[in-house]
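K.L.:
Once you have looked at the hints, place chain A on chain Y.
As given, the protein sequences belong to chains Y and A, one line each in that order. Residue numbers for the first sequence, in the working numbering: 561 to 846. Residue numbers for the second sequence, in the working numbering: 561 to 846.
Since the hints were derived computationally from the structure, they do not count as laboratory data. Please note that a few of the clues may not be correct.
[As the list claims (entries may be wrong)] Chain A is faced by these chain Y residues, among others (derived, beta-carbon under 8 angstroms):
id: 1; residue: 584
id: 2; residue: 585
id: 3; residue: 675
id: 4; residue: 691
id: 5; residue: 703
id: 6; residue: 712
id: 7; residue: 714
id: 8; residue: 781
id: 9; residue: 833
In this text the structure is predicted, and so the values were computed from the model without any measurement. We treat Cβ as the ideally placed atom computed from N, Cα and C, and that holds for glycine.
In case you want the letters, here they are:
Protein chains: 2
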Amino acid sequence: MMNNYIDLVNKNLEKYMEIVYPEDLFKSMRYTVLLPGKRLRPVMCLETCRMLKGDIEDAMPTACAIEMLHAQTLIHDDLPCMDNDDFRRGKPSNHKVFGEAVAVLAGDALLTFAPQIIVKYSTNLDSSTILRVLSEYFNFAGAYGVIAGQVVDIESEHKNIRDNSVLDFIHTHKTSDLFKLSVRTGAIIAGADDNDLDKMTQFAQQFGLAFQIADDILDEISTFEELGKTTGKDKTSEKLTYVSLYGMDSAKCKLACLLDECYDKIQESQVFAEIINGIKKRTGLL
Amino acid sequence: MMNNYIDLVNKNLEKYMEIVYPEDLFKSMRYTVLLPGKRLRPVMCLETCRMLKGDIEDAMPTACAIEMLHAQTLIHDDLPCMDNDDFRRGKPSNHKVFGEAVAVLAGDALLTFAPQIIVKYSTNLDSSTILRVLSEYFNFAGAYGVIAGQVVDIESEHKNIRDNSVLDFIHTHKTSDLFKLSVRTGAIIAGADDNDLDKMTQFAQQFGLAFQIADDILDEISTFEELGKTTGKDKTSEKLTYVSLYGMDSAKCKLACLLDECYDKIQESQVFAEIINGIKKRTGLL
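One chain only, chain Y, in its complex shape:
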């Protein structure tokens, strides 16, 4: 079921990203977007839409736009002036293949390309629904969302900050916000009521926290081969993480609790259960 979604998303990402002149730009954009991955965010958008009785075809442009936005954050995150990472998903980072200048511009291009896909291909949605989806997109993708989280994350490095509220802010915006965007747009496209919208938003908030804690745990316990990217970097850069603030045991305990709470909220969905179990397996909880 999960794999069906992933195939659908990959097929549509390919379709939306035709290579035209200047080819280097489009190849660079496609390179990171199409790296093999779990496509968690688009899958969660589509599955929320299905759960709430919507047509997943209507949510496809938005689901794919969110994956493009996610890829954009990876391209710019890996730049030498940011995390300076040479590998991503087991392959050389975008700037190692296309050079820094093109990588910066490919990331910039994706930030405009993603909402353009929503406007261009959401042909079954009426204008006011498209504008509602775009408002959600802009809110969670920009300075009030993901980027706010990234800025606070960067500023917390090498400062030995031990502040729970700062950590919450980083997790909520850097990680939960894209999951919230995914489920909220899926729900809106399905025509969900405010109750369902709230329920899914709370789910995504907790799922995001769990996902980030799992990411921090994996950064410490995994090898390069397992993750496809440089590991152990949080420690070196003295990053504020759940593991650095509370220790590994407490992090694992918190993760298990959060994932169980998430599971209770969406037990009716086999796909969400699969996603939750996947995280449990990778972090040694199952």
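P.N.:
Same frame as chain Y, but now just chain A:
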């Protein structure tokens, strides 16, 4: 008249860009957007709207969004991995003040913030007009517009390319596209017919070429004090420009011709005449 527009634009840019947490991010975004400038693109958007009997208040969010987008291109252009420029409009570049990481993220944030302003504040426009404005915005701002021009521009450096069609592509996309976006959205918001839309698009295409040739001429003949940024860089980086391809005399001649043709197209507008004469004065044509 021109100055009235500039004041209005500055007032609204201030209003739209309230500083919230994390303050560094919003300060960095505001820093480059609010640097004193001629606000050519928003002024052209507003004046086109007025000429075609629209209400300039309706065009204000779009006009300001285009200025934010323009500022974003300046922030990322000045980065060490791009043009590596330490000054902009006589002040230290964004990354010299806020560091490279925040400058990258502030540019990223503006790319989402700009269209968000259009959706959030265009309260007098109906949904389908807003979507039409956004479609124009995405088309000219992204991989099919400005960024395509930037990529080809970068790739032309140090390669001694002498190709007129490549130069045309760079000028059209890197420079004309934002002017086209400005006048087209101004016209659409005014409810213009296809005839007027075509006329203004042609005007903006030629104006953009003239503007870029003037920029290339000024890069060679001006001092740092006059331009507020490093000059003579096109030569050092062996950039493909109208001056490098045809020589200074031919560039000035072409510029004069283009500006006269532009003037013929919009003689009824005092503001556009003022803009054209300003370029003539700065390049020694008047």
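K.L.:
What are the numbers of the hints the structure violates, in ascending order?
P.N.:
8, 9
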